[in-house]
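Between the sequences and the hints, there should be enough to build the whole structure, so can you do that?
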Amino acid sequence: MSRDFNYDATDISAAYATARRLTPERRRAWWCGVGRFAPLLHEVFRARVYGIDPLERMLEVAGANPEAPLITWVRASGEALPIARARIDLVFLYLVYHHLRDPLTALRECARVLVSDGHLLVINDTAEILDSIRWLPFFPSACQIDLARLPTRADVSRVAEEAGLTLIRQGTGWRREPSRRCNSSLTKSSSTESLRSGNTATAKITDRSSRR
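Count along the sequence shown from 1, then add 2; that gives the number in our numbering.
These aren't lab readings, by the way, just hints derived from the structure by calculation.
Cβ coordinates follow ideal geometry from the N, Cα and C atoms, glycine included.
Incorrect hints may appear among the rest.
[What the hints assert, rightly or not] Ranges between beta-carbon positions, derived for each pair:
1. E45 <-> A86: 23 to 31 Å
2. P139 <-> P84: 42 to 50 Å
3. R136 <-> P68: 29 to 37 Å
4. S118 <-> G173: 23 to 31 Å
5. E58 <-> R136: 33 to 41 Å
6. F140 <-> A88: 42 to 50 Å
This is the structure in structure tokens:
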């Protein structure tokens, strides 16, 4: 047992065993932008990685990255993935969710391409964390723009469930005392509740019959 981590109190050994069984044929898909996570994903998972983005210029920049020569770059929208059913182990959405025109259709597509024990990882700002963004008080109109475009944590959970996914974890990447500078009804809550506001959600396939 490590002095800093009680391995016996977790199922981390099973996670390690699962990871070691993965072969290069196991696949990961993610919305890539300019591809900054591509080398890391390939290095960590040793898997085939698809970088997907609807914008040609984004893919050009991503493909020019000399550290990501083994990534398959695909131009497509989140609502229509050119990937066969049940081919992907992990779909990674980093600051993508609020850009989706139709989140429900996009998450249904994620569910469609995931294998039976696959996972969807969503990392995104949500409306609950706006008061922790220090520069917003200097741009009042920006706060209203973000309130209009950012989902709530409940929104993400609801859409994922409607898409045939089951939420297994939702959390925050940092914790900060709320300053209440954004004048948002979403953030007028107790300090404890505000501290729980987060931007990370992990969902998994549980019922393949609900997928298109």
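| message | To test your reading of the hints: which numbers does this structure violate? | response | none
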